[in-house]
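Chemist: Sequence:
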Amino acid sequence: MQQGTLMRKVKSKSWKKQRYFKLQEDCMTIWYQSKRTGKTESAFSISDVETVREGHQSEVLQSVAEEFPPERCFTIVFYGRRGNLDLVAGSAEEAQCWVQGLHQLIETRSFPLTFALVCRTWIRDWFQKADKNKDGRMNFKEVQRLLKMMNVDMNEDHALRLFQDADKSESGTLEGEEFVLFYKALTQREEVLSLFQEYSEDGKKLTLLELADFLREEQLEDEGTEELAMELIDKYEPSETARARHVLSADGFLMYLCSLEGSIFNPQHRGLWQDMSQPLCHYFISSSHNTYLIEDQIRGHSSIEGYIRALKRGCRCLEVDCWDGPNGEPMVYHGHTFTSKIPFREVVSTLGKTSWGNSSSPQPSMGMSPPSSHPQRYEESTAVQGISVLPERHRCHGGTGGQGASLSPTPQELKHKILLKGKKIGRLEDTLDGPGDEAPDMSDDDNGAEAEEERRRAKVRGTQQGSALQKDKETLAQALSDCVIYCKNVPFRGFQEARSHSRPSEISSLSEAKARKLIRDEGNEFVRHNAWQLTRIYPSGMRTDSSNYSPQEMWNVGCQIVALNFQTAGTEMDLCDGLFSQNGCCGYVLKPPFMRDEETLFNPSDPSSREGPGPTTLTIQVISGQQLPKVANSKEGAIIDPLVRVEIYGVPADQAHQETKYIENNGFNPRWDETLQFQLHVPELALIRFVVEDYDKTSRNDFVGQFTLAFANIKPGYRHIHLLSKDGTSIPPSSLFVHIRITE
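Residue 506 in the UniProt record's numbering sits at position 506 of the sequence shown; the count goes up by one each step and never skips.
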């Protein structure tokens, strides 16, 4: 990898360009050189890479499968919605060298190492951008241009003073380490240094006990603070001498605050931390709508990339719309529209390979599929293809039968399984225990008239169910019906009807409009219903642009499967990513206890109906920002005027937002030092979204960055918030520095 490798960069069947790819000495950046022009450009950073796929695991590489064997092909997948990089190496050995090397870099990168390398890479990238004549040196004029590029509006005299202090050779230019000195002076964190000196007796170091005091008093670490202090010194102190003396320097203190341990997101909640042995209906489940689409709903492109990207983001419920294709081959696309089509076989194969590729917890995935114009023919083919392509270990067979089989299985019991949501002939009990639909035994009922009336209703239900069963048998292939185990699709006819006649193994789908009406009219009944049965919500058919509705109002009543258009960036997907970024990103989040009780009194429109302590106060001091990005497509030399807005999403009583003042012409190190305070009546359902915008007094503010997380995952104290772009990609080293307090 160090010498550079000639590989083909493939964008389509007809677009294949040769590039020399090389890993730079910082082990952080991959550069490539055009074979034709010899021009070297920065290709991507290792920190932006989510994973590497071997073989023909992309639509592009599948299109050239006949030309290039799978052992020479691999795909580099980036975080967020950045397009994949499909490459073909000259040999299988070269491909393996790159795949294994990239995997190692991805797996072994620790946060403190990444932070240090990110800063170093960031410095080098800016130096190269500002070094117009490419002589490896930077004069003062080039430095002034650099400051504009870096979102800094600095007094010329002050800038010249920093320049001259860093110019140790007195050559009138900065090169190498001189530029690093200039950068360090530029990025001096006065607010962090002040905090450091507050706990340091001599102002130069934190002893073990002083650091333990800081962790206990400010970071609210209540157990083993001295042991934790020792761990942090060993992990983040750059000086070997200081580590040997068990002290932390100012540089090490900053490294800690910028690390995972110093993040606002509780590091203990990043892994699988919740109970996974509850029934499926007790979890919020990350879910997508028309997963195969990566554009709009009418003429958009259908691609297996939609499934791969959704699964890699932790999505556990996918949509597979199957329709008749040529020669009896089912095709996946948005029916009655002009979207492109992909073979069903490719989709199933992709699901089998990708469903648990990067997840730290192999929780079950779900798929759903409506009938086509020739149900019997299509369903037999779909079932046969699905069963034949899907590995045996991923198929769900409904347990061992008899009394041991559960109608309400848990994610733990269904690990590595793919469930199919769809129509089914008969009931799950028929599959597990054999046929039979007996009327309830009313012999112990004291009221004979009521018992007789119930028997009459049961007889009518039996007649109706028998008619429906016959209709299902006429229109549904038995092979496909047998694939539906725990998620039989049934129409929703009201909560009372569902409570009387439905079963935990069944699921109903509601449009966003229908769900809103139920939330408004029968909020408590909706919560109770979702405590024992799954509900899926899907977007309005009017959202042809693939826009999204707010998932929060659906989560407020406990709806588990809230399907969103994953291809569309925005606040709605920020909330989705924010909720499911916890618990190992497994796509399952346990609902609060009061939403798992079938007799709960909770109604989101009445926060007092929640049992438990009173309102919680969330106090956020927004202190500063660091190296914020410029607004996309901004004018050359333009510098942002950043402000921070904190948004609360939850039950209606908790919905709120507050913002700081804007700081004029400073996106590099703005200081706000403003305190925002919120009252949360149902903190268990609250999501907190931090948004940075570029203030504009004449038009709408421009988006700069955001970060969203569940209230339950907030770590109090002095914390950094590492910002994400509009499409969910990290934008290092951009961050906010805040102080968090939570009181009841």
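If you're looking for bench data, these hints aren't it; they were derived computationally from the structure. Treat the hints with care, as some may be off.
Pairs of lysine-lysine residues, derived as DSBU-like cross-links and limited to a Cα-Cα distance of at most 35 Å, are as follows [what the hints assert, rightly or not]:
#: 1; residue 1: Lys204; residue 2: Lys22
#: 2; residue 1: Lys635; residue 2: Lys697
#: 3; residue 1: Lys353; residue 2: Lys22
#: 4; residue 1: Lys204; residue 2: Lys132
#: 5; residue 1: Lys661; residue 2: Lys204
#: 6; residue 1: Lys661; residue 2: Lys168
#: 7; residue 1: Lys630; residue 2: Lys17
#: 8; residue 1: Lys16; residue 2: Lys341
#: 9; residue 1: Lys591; residue 2: Lys415
#: 10; residue 1: Lys148; residue 2: Lys129
#: 11; residue 1: Lys514; residue 2: Lys9
#: 12; residue 1: Lys132; residue 2: Lys630
#: 13; residue 1: Lys22; residue 2: Lys141
#: 14; residue 1: Lys168; residue 2: Lys134
#: 15; residue 1: Lys235; residue 2: Lys168
#: 16; residue 1: Lys635; residue 2: Lys661
#: 17; residue 1: Lys134; residue 2: Lys148
#: 18; residue 1: Lys630; residue 2: Lys514
#: 19; residue 1: Lys697; residue 2: Lys312
Across the chosen pairs, the derived CB separations fall in these ranges [as the list claims (entries may be wrong)]:
#: 20; residue 1: Ser605; residue 2: Pro491; range: 25 to 33 Å
#: 21; residue 1: His657; residue 2: Asp275; range: 29 to 37 Å
#: 22; residue 1: Ser605; residue 2: Glu67; range: 54 to 62 Å
#: 23; residue 1: Gly570; residue 2: Arg671; range: 28 to 36 Å
#: 24; residue 1: Ser12; residue 2: Ala653; range: 47 to 55 Å
#: 25; residue 1: Met230; residue 2: Phe44; range: 13 to 21 Å
#: 26; residue 1: Glu54; residue 2: Asp606; range: 26 to 34 Å
#: 27; residue 1: Gly541; residue 2: Ala653; range: 27 to 35 Å
For clarity, every value in this text was computed on a predicted model and none was experimentally measured. The beta carbon of each residue, even a glycine, is placed where N, CA and C say it ideally should be.
Chemist: For every hint, state whether the structure bears it out.
Modeler: Checked hints:
no.	hint	verdict
1	Lys204 x Lys22	41 Å, violated
2	Lys635 x Lys697	17 Å, holds
3	Lys353 x Lys22	29 Å, holds
4	Lys204 x Lys132	39 Å, violated
5	Lys661 x Lys204	33 Å, holds
6	Lys661 x Lys168	39 Å, violated
7	Lys630 x Lys17	31 Å, holds
8	Lys16 x Lys341	24 Å, holds
9	Lys591 x Lys415	19 Å, holds
10	Lys148 x Lys129	12 Å, holds
11	Lys514 x Lys9	47 Å, violated
12	Lys132 x Lys630	20 Å, holds
13	Lys22 x Lys141	32 Å, holds
14	Lys168 x Lys134	21 Å, holds
15	Lys235 x Lys168	32 Å, holds
16	Lys635 x Lys661	23 Å, holds
17	Lys134 x Lys148	19 Å, holds
18	Lys630 x Lys514	42 Å, violated
19	Lys697 x Lys312	39 Å, violated
20	Ser605 x Pro491: 25 to 33 Å	26 Å, holds
21	His657 x Asp275: 29 to 37 Å	33 Å, holds
22	Ser605 x Glu67: 54 to 62 Å	60 Å, holds
23	Gly570 x Arg671: 28 to 36 Å	29 Å, holds
24	Ser12 x Ala653: 47 to 55 Å	52 Å, holds
25	Met230 x Phe44: 13 to 21 Å	37 Å, violated
26	Glu54 x Asp606: 26 to 34 Å	54 Å, violated
27	Gly541 x Ala653: 27 to 35 Å	31 Å, holds
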